[in-house]
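Take the sequence shown: its position 10, counted from the start at 1, is 10 in full-length UniProt numbering, and no numbers get skipped.
Simulated from the structure, these hints should not be mistaken for laboratory data.
Note that the structure is predicted; figures quoted are calculated from it, not measured.
In this text, a Cβ means the ideal position worked out from N, Cα and C, and glycines have one as well.
One or more of the hints may lead you astray.
What the hints assert, rightly or not - EDC-like mimics (lysine to aspartate or glutamate), calculated; alpha carbons at most 20 Å apart, straight line: (1) K201 with E222; (2) K201 with D160; (3) K81 with D96; (4) K220 with E38; (5) K101 with D8; (6) K81 with D64; (7) K81 with D9; (8) K68 with D43; (9) K220 with E155.
What the hints assert, rightly or not - Computed beta-carbon distance windows for the label pairs: (10) R113 with S203: 35 to 43 Å; (11) G70 with Q224: 23 to 31 Å; (12) G70 with I214: 17 to 25 Å; (13) S203 with V88: 50 to 58 Å; (14) F103 with G70: 27 to 35 Å; (15) D192 with Q129: 25 to 33 Å; (16) F103 with R144: 47 to 55 Å; (17) Q150 with L12: 35 to 43 Å.
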Amino acid sequence: MRVLLAEDDAKLGKLIKHMLEKSGVQVDWVQNGDMALEYALYDPYDVVILDWMMPGQTGVAVCDQLRKRGYHGAVLMLTAKDAVDDRVLGLDTGADDYFVKPFEFAELFARIRALARRSRVRLEDDILQVGNLVFNGLTHCVRRGDTEVQLTSREFQLLDLLVRNQERVIPREVILERIWGLENDVSSNNLDAYVRLLRRKLSPFEDVVVIQTIRGVGYKLEVQDVYANS
Numbered sequence: 001m002r003v004l005l006a007e008d009d010a011k012l013g014k015l016i017k018h019m020l021e022k023s024g025v026q027v028d029w030v031q032n033g034d035m036a037l038e039y040a041l042y043d044p045y046d047v048v049i050l051d052w053m054m055p056g057q058t059g060v061a062v063c064d065q066l067r068k069r070g071y072h073g074a075v076l077m078l079t080a081k082d083a084v085d086d087r088v089l090g091l092d093t094g095a096d097d098y099f100v101k102p103f104e105f106a107e108l109f110a111r112i113r114a115l116a117r118r119s120r121v122r123l124e125d126d127i128l129q130v131g132n133l134v135f136n137g138l139t140h141c142v143r144r145g146d147t148e149v150q151l152t153s154r155e156f157q158l159l160d161l162l163v164r165n166q167e168r169v170i171p172r173e174v175i176l177e178r179i180w181g182l183e184n185d186v187s188s189n190n191l192d193a194y195v196r197l198l199r200r201k202l203s204p205f206e207d208v209v210v211i212q213t214i215r216g217v218g219y220k221l222e223v224q225d226v227y228a229n230s
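Hey, can you work out the whole structure from these sequences and the hints?
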């Protein structure tokens, strides 16, 4: 299970992330509303946890933007606001659940598991298909018929991000954050090198997928209509 945690309180955010990861949950942690919106739109999660009061956009504003843009994943609002009107506002904005601080971690985890079961975004669905290509997240392979290409873990992470956002331009800084993390000192040259390697490995399938460079911005995966002439 993958969770996006948007919590600006460093102590609480670090604790929630640590406790979730101890339970085997993969957690991305951001500390402002703008980054929460960016992460959620570029990479599907089982559950998105939004603190109400954050720098940039509030959790309610982020939830509202996600729903308006067609995001169907589970959203849990986390806040110290316990008035009925606040709960109603959070739920009416599109949150699936509303949890008031302070809380017991056992109950928080139970709510996250329940939301993940109901969520329409399933990252356990490790098989993606684009045209006549099959991307296997368990084996890190790309296959078409009898032709199979093995990717490294990092290469597959990059490809997975591009596939899930096919035909959308992904900024370089977003890719660096999503693949290498904010805490690592990774230059754009690393990304360029991985893109070159990935293009080389995907060359047998370039009639289906092509990684396009959008100069000065980032990258985009273009998908060809393999059935157009059939």
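Q: Check each numbered hint from earlier against the structure, then list the numbers of those it violates in ascending order.
A: Every hint satisfied by this model.
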